[in-house]
Amino acid sequence: NAGVTQTPKFQVLKTGQSMTLQCAQDMNHEYMSWYRQDPGMGLRLIHYSVGAGITDQGEVPNGYNVSRSTTEDFPLRLLSAAPSQTSVYFCASSPQTSGSSYEQYFGPGTRLTVT
Amino acid sequence: GQQVMQIPQYQHVQEGEDFTTYCNSSTTLSNIQWYKQRPGGHPVFLIQLVKSGEVKKQKRLTFQFGEAKKNSSLHITATQTTDVGTYFCAGPSTGGGNKLTFGTGTQLKVEL
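Chains A and B, in that order, are what the protein sequence lines are.
All letters in the first sequence, in the order written, are residues 670 to 784 by the numbering used here.
All letters in the second sequence, in the order written, are residues 4 to 115 by the numbering used here.
Next up, chain A with everything else stripped away, as it sits in the complex (with noise of 0.2 Å):
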């Protein structure tokens, strides 16, 4: 199993420039979820999704949109890019359950860099 993998490893996008990051598991994981992480802030959901054709927001959902049309794909938009967005995202996946927490497994991370 390759567990959670991200594409690309890098990137550097001008201000006002769209992308996606993507993010993709083998587990079968009902649940998926991106992070971003900043110095001394941890890391902060963004969006999160219990299972394909459902998503939800996170804690700093703004400027960003995710789909999840299959159980193994969970990308993220950029809408139109800006400095604040420079980051490193991560994805995750664990089991999904209706009740309690089970651990997460995370992706490589995407160094994003906004100019």
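It should be emphasised that the hints constitute simulated quantities derived from the structure, not laboratory data.
Relax, there's no trap hidden among the hints.
So, partial list: chain A residues that the calculated Cβ filter (under 7 Å) puts toward chain B:
id, residue
1, Leu712
2, Ser763
3, Glu772
4, Phe775
Note that the structure is a prediction, hence the values are computed from the model and not measured.
Ideal Cβ placement from N, Cα and C applies to all residues, glycine included.
Dock chain B against chain A, hints included.
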């Protein structure tokens, strides 16, 4: 909203010294998870604590969940250079399920 704070933010130790990071939540947690992130890497799950007052050990790492289930700690005995990284605690977010609120993290540096 729910907040999870960790102290200290940074810690430099000499190899062989002990290290402790503390995690405090503004709300009672049903469980708490700990993750380790090596420099340039991604967070990796270490452990989950569920019961009030629970203590779990993994070799030189000792994890504790507070009696009130609002705080937790990670203690490393006799640090090694392989312990370098950032340690995060995480608790279930309001709304339940798999949503997690991560702490701010403690960055550990170990010097020879």
